[in-house]
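Protein sequences appear in the order of chains P and R. Quick note on numbering: the first sequence equals residues 60 to 841 in my numbering. Quick note on numbering: the second sequence equals residues 6 to 232 in my numbering.
Don't read these hints as lab results, they were simulated from the structure. These numbers come from a predicted model, not from an experiment. Any given hint might turn out to be false.
[Said to hold, decoys possible] One-sided excerpt, in silico: chain R residues whose CB lies under 10 Å from chain P:
(1) Leu57
(2) Leu58
(3) Pro112
Ideal Cβ positions, reconstructed from N, Cα and C, are used throughout, including at glycine.
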Amino acid sequence: MVTLRGLRARASQSLALFAMGVLAVAGCVLAVSYSEATHTSTGAAGALLLLGAVAIASQGAASVRSRRAEIALAQLRGRRGVGLLAAAVGEPALILVAAAALGTVSGWLLAKAAVHRWVGSGVAAVTMTASDWATAVAMLLAGALVVVAVSWRTAFEPLAGKLDATDRPRPATPAGTFLAVLVLVGAGVAVYQARSLGAQRADWVSYLSPAVVGLAAGQLAVWSVAIGAGLALRLPRVNRGVGWFLTLRRLTRRDNTASALRIVVAAVVVAGLAGSGWFGSSGWRDQTARVDIGGPLAFDVPAGGLAAYLASHDVDPQGRWLMAIVASPQPSGRSSRDAFVDTGRWNRVVGSFYADTPVGGVTGQIGALSPASVVQYATGDRVSVRLTAGSVRRAWPRALLRRVSGFTPYDFAALRFTIGYVDGRGDQHQLRLPEGQTDYPDPVRAGVVGYTAHAPACARRCAVTSVSVQGKTEHPLRVTEMSFGDLRLIPAGPGGPSAAADTRAVRSEVSGNGLALSLTDPNHARQLLEWRPEAAPVLTTPGLRLAHSHGQPVAHGVDGAPHPVRVAGQVAALPVLGRAGLLLDLGEALRGAGAQIPQSQTSILARADTPASVVDRLRATGIVEAERTYPQALAAVERSTAAEGTRLFAIVAVFGLLIAAVSTASGVLEQRRLRRDEAASLRVVGVGTGVVATAYRREAFALGAGVAVVGGLMLWLACRLLLGVLPLVHPGEFGLLFDAAPPLTIVAGLAVAAGAFVALTVYLGLSAVARTSPPSLLREDR
Amino acid sequence: MGSLTLVDVEVLVGDRPILSEVSLELRAGEVSAVGGPSGSGKTTLLSVAGGLLAPTRGTASFAGRDMWGGDGDPRPEVAFVLQVYGLVPILSARENVSVALRARGVPPDAADERADAELTRFHVGDLGDRQVEELSGGQMQRVACARAFAVDAAILLADEPTSELDEYNRDYVVSQLHAEAERGAVVVVASHDPAVVDAADAHVLLDDGRLSDHVEPPSPARAPVGW
Chain P
60 MVTLRGLRAR ASQSLALFAM GVLAVAGCVL AVSYSEATHT STGAAGALLL
110 LGAVAIASQG AASVRSRRAE IALAQLRGRR GVGLLAAAVG EPALILVAAA
160 ALGTVSGWLL AKAAVHRWVG SGVAAVTMTA SDWATAVAML LAGALVVVAV
210 SWRTAFEPLA GKLDATDRPR PATPAGTFLA VLVLVGAGVA VYQARSLGAQ
260 RADWVSYLSP AVVGLAAGQL AVWSVAIGAG LALRLPRVNR GVGWFLTLRR
310 LTRRDNTASA LRIVVAAVVV AGLAGSGWFG SSGWRDQTAR VDIGGPLAFD
360 VPAGGLAAYL ASHDVDPQGR WLMAIVASPQ PSGRSSRDAF VDTGRWNRVV
410 GSFYADTPVG GVTGQIGALS PASVVQYATG DRVSVRLTAG SVRRAWPRAL
460 LRRVSGFTPY DFAALRFTIG YVDGRGDQHQ LRLPEGQTDY PDPVRAGVVG
510 YTAHAPACAR RCAVTSVSVQ GKTEHPLRVT EMSFGDLRLI PAGPGGPSAA
560 ADTRAVRSEV SGNGLALSLT DPNHARQLLE WRPEAAPVLT TPGLRLAHSH
610 GQPVAHGVDG APHPVRVAGQ VAALPVLGRA GLLLDLGEAL RGAGAQIPQS
660 QTSILARADT PASVVDRLRA TGIVEAERTY PQALAAVERS TAAEGTRLFA
710 IVAVFGLLIA AVSTASGVLE QRRLRRDEAA SLRVVGVGTG VVATAYRREA
760 FALGAGVAVV GGLMLWLACR LLLGVLPLVH PGEFGLLFDA APPLTIVAGL
810 AVAAGAFVAL TVYLGLSAVA RTSPPSLLRE DR
Chain R
6 MGSLTLVDVE VLVGDRPILS EVSLELRAGE VSAVGGPSGS GKTTLLSVAG
56 GLLAPTRGTA SFAGRDMWGG DGDPRPEVAF VLQVYGLVPI LSARENVSVA
106 LRARGVPPDA ADERADAELT RFHVGDLGDR QVEELSGGQM QRVACARAFA
156 VDAAILLADE PTSELDEYNR DYVVSQLHAE AERGAVVVVA SHDPAVVDAA
206 DAHVLLDDGR LSDHVEPPSP ARAPVGW
């Protein structure tokens with residue numbers, strides 16, 4: 060018994076049911092399609108699915124109840140049994156099927172648009188899947204089930220009841236009471252289960268928990284408004300005015316506008332929770348992108364840390380715009396999770412970039428990492444060694460060296476120094492002195508030998524990474540001077556190398572006149588000099604366990620070699636590394652460092668406002684390759700599976716709010732019909748139009764306040780209990796953790812906005828009812 | 006004591022006349038019965054007389070004042086017993102009576118006390134806390150009577166006030182109508198019930214919106230019916 064006339068006669072009811080069906084189905088299909096397209100969990104759609112099913116069912120039940128008289132008419136016309144039930148079910152069922160069809164198509168189209176907009180062309184085309192159809196059918200069945208149940212009750216109630224013009228209150232059924240209690244208990248169980256499992260092991264209960272908590276919040280909101288109004292009614296001062304009396308009396312009613320708030324508050328909680336998650340995750344995405352890229356602009360430097368360090372200093376000597384960084388985010392056998400930054404430039408280059416992030420704590424402690432001396436590098440391409448000996452010729456005998464290499468008849472061998480260095484492009488070199496066998500130094504004077512050589516590729520800057528020696532001496536030598544360009548290695552200044560620890564093959568000792576040297580192994584080169592730093596200060600992340608060597612904590616340098624360190628402080632997170640690793644000074648680490656470990660990432664970071672001329676000069680060095688910007692890093696994070704799921708929460712939030720809006724509007728439309736008689740009845744006994752209108756305005760305000768206060772409190776509670784255990788993001792082992800603290804501004808803003816919307820909708824819906832409902836309405840014999 | 010006077014009243018709905026050329030004087034101290042078949046215009050006549058409807062032509066006045074106040078609300082001196090009761094569904098029986106008193110400035114406690122007395126007067130005192138939606142038709146009708154009688158209105162207009170009542174209660178309500186008239190009120194009752202009409206002091210008969218008969222009471226005083 061579906062007629063256009065019937066649909067038109069109940070246009071508001073029909074439209075509300077249709078709109079709710081379209082919204083709920085479209086939202087769920089969109090969420091499911093999007094999650095499948097992005098290979099993220101479809102679980103986030105669960106809350107929307109449950110909320111939508113309850114909203115559709117509620118709307119469907121109201122639709123059936125509004126057709127009581129029509130069902131009675133069908134009964135009077137002889138319909139009985141299944142025929143009568145079909146007459147009751149027909150219209151809402153038809154509306155639901157049409158809504159589900161439109162909702163499915165709309166959801167699919169929205170999913171295509173969302174994937175195109177947010178993900179781009181990196182995923183397969185969005186197609187209708189079995190999950191989409193199953194979602195639509197599930198929503199349809201949920202609505203149909205309740206429609207059939209209410210239709211059954213309505214169709215088979217006594218005819219007199221169906222025809223009773225008085226809208227008599229329906230007594231609470233055991234099933235209704237059971238459901239109300241079940242929702243409250245279910246909310247407690249769902250929260251317990253979700254918190255027990257945590258985000259990593261979330262199951263379907265975890266995903267449904269926002270909706271269950273929302274429905275419980277709705278139930279509590281209804282009770283709170285009724286109980287609060289009942290208590291206020293007992294206050295003589297409040298109760299004195301007829302307007303307040305009418306407002307409070309209306310709010311104490313179980314079956315009134317406040318009961319329509321059940322779905323509204325539930326939807327607000329679900330939407331608020333999802334929205335808070337979305338906003339919270341946007342902060343997480345922002346911070347993760349900042350950590351990943353390291354600075355506003357990042358220029359990759361494949362040549363390594365020294366090249367980056369030198370280039371940043373060459374291009375920006377004042378340290379205003381550029382900072383080199385080396386990090387090894389993926390630990391391997393030769394490295395730990397270490398990051399090295401040019402600490403002297405931190406505050407100016409990235410200090411503000413990391414403000415209000417977990418890495419921000421570095422800024423306050425970066426001073427503790429400042430090295431005792433700056434990194435030493437050489438400028439100039441000439442290497443020279445001067446040494447003295449009791450017998451220079453025996454120490455460095457031309458004839459013998461010409462004849463043999465290695466052992467001599469006199470049982471001593473030629474000295475050979477090997478100097479390792481890294482040039483400004485990151486290339487490693489080794490220089491031997493003497494380089495060949497034909498070019499030998501002449502004695503400068505008796506007992507003194509000098510030698511110079513050309514160091515290729517070191518015209519600009521190099522860093523000496525090692526000095527070793529090979530040979531055999533019968534008598535001790537003294538190396539009085541060794542220099543590489545303008546860098547003096549012997550005698551060394553502050554921060555320079557010192558004599559390597561004595562071994563049986565090499566005995567060396569620094570004295571006022573240079574380095575006393577005694578060699579016994581002519582076959583192997585032995586380390587002569589070493590950069591023996593003091594324990595380098597490091598910042599660590601909480602819970603990090605440092606490796607130890609000989610009881611001393613050590614960390615791997617840029618070359619992967621262990622170096623002693625001391626913990627200077629602790630920070631929540633580090634650039635590039637995230638929440639696990641060490642932070643050291645790059646200059647300190649580069650002193651004497653050899654090859655850079657392959658897994659490390661080297662970049663030059665630049666401020667966002669770095670002048671174009673500086674960037675151009677940096678590019679002109681030829682050592683920078685790929686350039687990355689913060690927006691690119693943010694986009695990469697947002698497209699990663701770690702954060703893609705957060706979009707679902709945004710979708711849930713939007714559709715939750717839409718469901719709340721439709722619920723509010725449909726509830727007010729239903730109330731308008733009932734209020735006309737009520738307003739007329741009040742006016743006929745002398746209650747003025749203004750008093751009635753004021754009562755309705757106060758009711759609108761009270762309902763809005765109820766939604767804002769109860770909804771806000773429940774939303775805050777839901778956020779506090781569930782935000783941290785919902786799988787919003789997947790930070791992985793080292794990623795920044797999601798801040799699950801309820802965002803008070805968001806929660807309060809949403810609650811106030813929802814309350815204002817409800818108040819405004821009720822106000823607009825009811826404010827004119829008093830004026831447009833004259834007592835003459837009651838003349839009609841219904 | 007004044008009279009409720011209708012002069013040449015005409016009410017049109019579209020082009021269709023509901024009332025035509027009705028002129029009446031409904032006196033205080035009398036129970037006037039308005040009779041006539043269904044659709045004859047009885048309810049419309051009461052609505053115009055009580056100020057709920059503006060006549061298309063003519064006037065209804067009491068004590069020199071036009072009954073039509075401009076917004077469809079009855080004047081404070083008017084009380085109605087409506088055919089559809091007109092009870093406020095969100096209120097209890099007591100509150101329905103009380104709110105009419107509170108609208109006239111009676112304090113809440115006094116209004117509730119008076120409401121209880123009026124409900125008891127119409128034998129529904131034990132239903133004061135019940136929501137009116139939970140009451141039967143007859144009970145609602147008596148609550149509607151209690152509400153109208155409680156305010157000591159100068160004009161009491163009752164539209165089929167006994168339609169849902171048994172004979173016992175019907176006679177009691179009629180007696181109370183006379184009591185209101187004796188208090189000095191203009192009491193007008195529209196009814197199909199011959200017993201009610203016969204008990205009235207004056208009779209107005211409507212047929213198709215026109216007065217077909219108007220019988221004045223034979224004597225100034227009449228013995229009350231029933232109790």
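Against the structure, the hints come out as follows:
| no. | hint | in the structure |
| --- | --- | --- |
| 1 | Leu57 | 4 Å, holds |
| 2 | Leu58 | 5 Å, holds |
| 3 | Pro112 | 8 Å, holds |
Hint compliance for this structure: every hint is met.
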